[in-house]
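Engineer: Quick mapping for you: the protein sequence lines, in order, are chains B and S. Counting in our numbering, the first sequence runs from 30 upward without gaps. Counting in our numbering, the second sequence runs from 30 upward without gaps.
It does not matter which identical chain is used: a pair holds within one copy or between any two.
SDA-like mimics (lysine to any residue), calculated; alpha carbons at most 25 Å apart, straight line:
(1) Lys93 with Thr68
(2) Lys87 with Ile101
(3) Lys87 with Asn169
(4) Lys93 with Gly109
(5) Lys93 with Ser138
Everything labelled a hint here was simulated from the structure, so no lab data went into it. All values derive from a computational prediction rather than experimental measurement.
Number of protein chains: 2
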Amino acid sequence: MTNSPVPRVQGILESCINVSDLNRAQRFYQSVFGLEVMTSDERFCAFQVGHDVLLLFKIGESKKPAQLAGGIIPPHDTLGAGHFAFAISPDVIEDWRAFLAKQEVTIESEVRWERGGTSLYFRDPDNNLLELATPGIWPNF
Amino acid sequence: MTNSPVPRVQGILESCINVSDLNRAQRFYQSVFGLEVMTSDERFCAFQVGHDVLLLFKIGESKKPAQLAGGIIPPHDTLGAGHFAFAISPDVIEDWRAFLAKQEVTIESEVRWERGGTSLYFRDPDNNLLELATPGIWPNF
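Work out the full structure: start from the sequences and follow the hints.
Structural biologist: Here is the structure:
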């Protein structure tokens, strides 16, 4: 790789959103997506999502650097409605519609993409915009 | 999958951050990470990152719903320093240190994780906190 003009990144490992009530958000992501918590404390919660990591940060708690045994995590913090999308198989989109209804999560919008994919949009308790996306959205998915 | 109590998500497909100057941010992500633009307009820019998608949104431009041919993308918008991490191979971490220095991107901090991974932290032009992470960070990476 040394000859490469730009060293490569393999993919996005961690995505994060900010929430006002970490316990409430944790319950939401566990009950709606069945995600497993890898680590959590008063500052944040890390969920395993396949090979990826979803981080929830409590708003304001990461405005200062976090000192760990192995170094310092620099500050970050956002306000407002974040956004990210989960990939799903087209086979389960009807299961998702039924399951979201059962969980009383309202589908706010739906987009049918030119390439054939479908996106379902809804909100977490902090108004972050979540998306479930089937293949046929992007050239690489 | 119909018998599953919770339908499954496969992974995180799209991650997004907000930027004040879309052209400047686009140049940064192209030059520093060699990312390919899949789609861009005045509102946003979508980069391919392996099997994932990195979305840059111009701050304020997604406060209103976006009407597309296939439906409506609901509003979202954040202010402040967002955060996400790229996965890299441990083989290229020294190449990354050299390349970031050459690009005049300052490594703000470095964390050595108990499981053996390393994280390099630095900023994009909008102060978003970026991380390059080698395996040995999380139970699933």
